[in-house]
Structures are given as structure tokens and as C-alpha cells.
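Novice: Modelling step: build the complete structure from the supplied sequences, incorporating the hints.
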Amino acid sequence: MKASKLIELRQPSWSRLETLCDEFGSRSSNKVPAKRVNEFAALYRNACADLALAESSHLPPNTIEYLHQLVARAHNQLYRSQKFDRHVWYEKIFVDTPKLIFNDPYVHIAAVIFWGLFLLAGWLSWDNTAWPGFAEQVVGETQLESMEEMFTGFNGRSFSQNSFMFGFYIFNNAGIGLKCFVMMLFVPAGMVTLCHNAIVLGTSFGYMFRPDVAEAGANFKNFVTAHGPFELTAIVLSAGAGLKIGLSWLVARGVNRLDALIQNAREALPIAMCAVALFCMAALIEGFVSPTSDKILPWWAKGMVATASSVMLMFYLIVLGYPRTDDEDDDAA
Amino acid sequence: MNAELRQKPIANAMRDADETVTDTMLLVETPEKISFQYQLVGPFRRFVAYGLDLIFSMVGYTIIVAMVAFALAYLESFTRGTFIGSVIGAIGEIGGAIMLIGYFLVYWFYGALMETWYNGQTFGKMITKHRVLSQNGHAIDGVQALLRNFFRLLDVFPFIPIPLVSLTAANEFPGIIPTGLFGLVTMSLSGKFQRLGDLVAGTIVVVDERKWIPELATFTDPRVEQLSEELPSDFSPSQSMLRTLADYVDRRRYLSPETNQDMAKGLASRMLQKFGLPPDTDYDLMLCAMYYNAFMQYQNQEGANK
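Chains as they are written, first to last, in our numbering: chain V, 1 to 333; chain D, 334 to 639.
Hints were generated in silico from the structure; no laboratory data involved.
Restraint-style ranges between C-beta atoms, simulated for each label pair:
| hint | chain 1 | residue 1 | chain 2 | residue 2 | range |
| --- | --- | --- | --- | --- | --- |
| 1 | V | Val319 | D | Ala423 | 35 to 41 Å |
| 2 | D | Arg378 | V | Leu258 | 22 to 28 Å |
| 3 | D | Gly524 | V | Gly303 | 52 to 58 Å |
| 4 | V | Asn38 | D | Phe403 | 46 to 52 Å |
| 5 | V | Arg257 | D | Thr553 | 54 to 60 Å |
| 6 | D | Phe403 | V | Gly133 | 50 to 56 Å |
| 7 | V | Ala42 | D | Lys607 | 42 to 48 Å |
| 8 | V | Arg253 | D | Ala423 | 55 to 61 Å |
| 9 | D | Gly609 | V | Asn46 | 39 to 45 Å |
| 10 | V | Thr19 | D | Arg603 | 41 to 47 Å |
| 11 | V | Lys92 | D | Glu548 | 50 to 56 Å |
| 12 | D | Phe403 | V | Arg210 | 46 to 52 Å |
| 13 | V | Lys295 | D | Leu408 | 35 to 41 Å |
Glycine included, C-beta positions come from ideal geometry on N, C-alpha and C.
Specialist: Given below as C-alpha cells:
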């Protein structure tokens, strides 16, 4: 058959397929009637066959090009993006992710770096004899003074201020966590971010716990206790997830670097999302529990909140994360 | 056919499916064992989609927040003291938090959620007819959508430091104007126009638009049909000759008759000689007749069967 005849014969079904593609568009697949889906599938298979035979049935090049485009377009409608599935997500959040975090060496490295620098900077700043003037040199005198001023006479906030600050903490802190995660793709840049955060936080803590900043120090202790565990863990997790991606293409271990990058990014994302969730929980506590004055909520009560959140973290990361023997049984069965 | 003919002077390499594909196309093999091509989208067309998305997400969100805030303030002004007034007052108490959380969600998750729910498209991409796919040509999943949108943060690097723009604001904002050079350089080097986010997520962006079925050429000159009758009935051109003929006929109307004669001469003079036709036949006419014979005439037995 000559090309003109073939095109004439097939044209209606091609344009019908185009119309169906337009119609399905970006709608989710369960909103399309089953009849249309059947029709679509048949038309798609026909178009595939036309494309396969295009060369041997002597179609002109521009028609072949058109068929490529048509099949590609229909293929996009046939194989669609996967929606978030609730059951899969439960499994991901409470089974896979804790194990991933528990076994992840990069999270351990990030934890050691963060806590090491945090404690070192805290001690240097608090002690002030081994490296006199450490806090002033690192954070800056004006910054320290304004922080001290902020916590002197700190006596709780109104509800609307609290809720505004809650929103701000999510926006700001979770944003910083995600930025740290993303920056780690270039390991040195991400490391600077992580170390900077650890040292500045450690120095501020050390400075505020010095005996000579008594009033502001007491308020500071009152403020940071409750949300500390969630927030500091979240920073470590987002940095660890980023480090996993950043090192994956540098140390590819014989795998194609791009493939290693894609694979590790896929594994690291749940850890980063876990960090975002922790930032949000920390923001909730930091917004509503931490700023209440110690007359309403004494320090030991905030300590209880911190203990409870630490226990929850331990449970999630260690109890759920500990590699169990029955996993292997499951695999065997 | 001799060596000169095999050079395919105006055939496009892109059309040779089994030869190398040009770098703006991606070849995909489906489960149906069909290979087809996607057209990849370059950086500047994608920038348009990104700009539209910025307008839809950030500007759109700001406008909605402002409108809701004004509407609530207006309602509150004459319902003060009533029950509705106190409800509005309570919303006002947590309004700031809702606004900031919404801003956080729009900033970090707009693209990812859109691309997951709308099969690789955001509002901007729907307008510019682009779609995000996995490198292997399949649809993306939520993980890929999140990754490629998170890592956009790096693609807009580096930032122009404010001192170059305004000295007064320099202390408050150290660097604020994104240049997008990281993304641009990565896209130029990566071969499939992938920015950093695409490399991390393993995704590509392709054109997804409706095209009209190309028509075969029509000839007003009756001599084309007459001459095609003169060609031997067993004339069956090779695949590369068909391509050459189609390319020539597609383009001849954009060129001057003299140029057409020159271009057609190489093939036409040899074919005239081969078929024993008079050598002074118009070269352009000869190629048109061959095209007509190859693609349009219904005369062989196959056509009769259908």
C-alpha cells in the first residue's frame, strides 16, 4: 500500500488518539471512564504498530516523526505518576525509615561532627580560660549582648505571638534543615553550614550557661530545654541525609557515579523528610511550650517534655530501627 | 546506487532511528517493543515554565493571603461584638501562623506535589507543554518529584551579592539575586539538558504537545503525474532514497527554481539515465515524479488488496 493511502486510512484513529490524550490530560486516571481507557489502549497499540512498520510501509519521514511524537504522548498517559499510597507510607515511615537511619553511616558521621563541635564550642565558651574570649570572637560581642538582652526579663508571650512564632519556626528552621540537606550535595559547602551551625549554637549555649549571666541564663535554660531534643536531632538527620547524597557520587564504589547519586538520593530522602517532621514537632513545642514563663510551667515540667521527646526519639530510632532477626525469616518465607 | 547518492545530501541524521540520535532527542523502548523518541526541552524554554510557576506559586499565594486578610479585616469591622466577630478574631490570632506555614509549604512543596498529582506537570509546564519524566521515559514518582524540586535551590546559585546592586541593603541581605548559572552550566554539560535537581532525581523534561498530522505534498503541475507514469513499474526506491525524496519535496517550495535545479541535478540526472528517459527532462520535475510514484500512486497489487 502506498503511503498516501495508508495515511488516509489511519489518520482518523491517530487524531482520535490525540483527542483522548488531550482529554485525559493531567486528570487522575480513576476519573476516566473505563470504556475510554479501553479505546485508548487499543488506539495506542495500533499507533505502536504503525510506528514499528513505518519504515517498511514507506511512510515519509515527517509522518514517522509525527508518529514518534504521538506514541510518546500516549505513552505518558498510559504510564502515569504514582500517587502517594497510605499503606505504603505507613510502612515507609514506621518500618523502613528508622532502620535506614539506624544503619546509616553518614548520619553517624554527621552526629559525631555536630555534637563534637557543639560540645567543644560550648565548653570553650563556658569555661573561657582555655581560649579566653572564644565566644566573643566566634559569635560577636553585639550578637551576644543582644541575645542576653532578649532573655533578660523574658516573661512569656501572648497566644497570638506564640502562634505566629510557631509558624515562623516551621518556616525558618525546617527551611534551614532542608537547605543544609541540599547544600550537602557539594560536601564542603554543606560541611561549612553544618559546622557553622554547631559552633554558633554550642557557643551560645556555653555563653548563656556561664555563672555571670545569671538571669538571662535561667530564662535561656527555661526556653531551650523543651524543644532541644527534637530540633538538634533534626539538624543531625538533615545533614546526614545530605552527606549521604554528597559523598555518593564522590565515593561511587565502582558504580556509575550518576547511578550512585540517584540511588543514594532515593534512600536519603526519607531521612530528610523525617528531619522536616522533627523540625515541625520541635516548632510546636518551641512555639507553645518553651516560651511559657516558669510560674505557669516550671523548669522541671519542661524537662519532662524534653525527656518524653527523647524517649520517643529513642524508641523510633533504636527500638524500631534495630535490625531484627525476624526480618531475615520474612525474607526467607 | 553509487557512492555520491548514499551521502544523503539533505537527509537529517535525526531521522535515522538506528543511527545516533541527536542530543535533543531521547530514544525510549516501550514494553510493546517499540522505540520512539522524546524531544527534550532546553534551558531557556524551561526557564519560561519556571517563571510562570514562580508567579503562580509565590505571587499567587501572596495575593490570596492579602485578599483573605483584607476580607477578614473588613468583615470583622462590622461584626465586632457578635459571635461571628469573635470567630474572626480567633482566626486572626492564628492567622500569622497559617500564613507562614502556607508559605513554607508553597515554597518547598508546590512543584513536587503538582508533579506527583498531575503526572509530571505544574501549572507553568501545562502552559508551556512540558512534562517531567524519569530518565528511562517512564512517569516520575513522588520521591523523584520531591528531590528535583528541593535541589532547585542549588540550581539557582550563585547569588549576586547585594553590594553590586545596592549599598544600603548590603548589611541586611548578603546576597539575594539568583543567577541560575549552576543549573545552566549543568544543563549544558549533562547531555540530556538535566539541571542538578534532575541529575539527583534521575529525571528529564520533554515536550508534550499535540501536533497536526503532516500532509503529503500536493502537486498542481499535471506533468508530475504524467512523468511518474513513465517510470518503470518495478521502481522501488531504497529507504534512504525515500528520505532524500521526501526531504527534497518538503523543502523545494522554500527555494528558488534555480537552486532546486542545482540540488536535484545529482540524483535526477543519474535516474533519468538509468530509466532511459530523455536527459533534458526538468530535474526538479523528475524528483517530484519519483516522490509521486513512491508515496502517492495507487497502482500496485498491495493497494488493490485493501
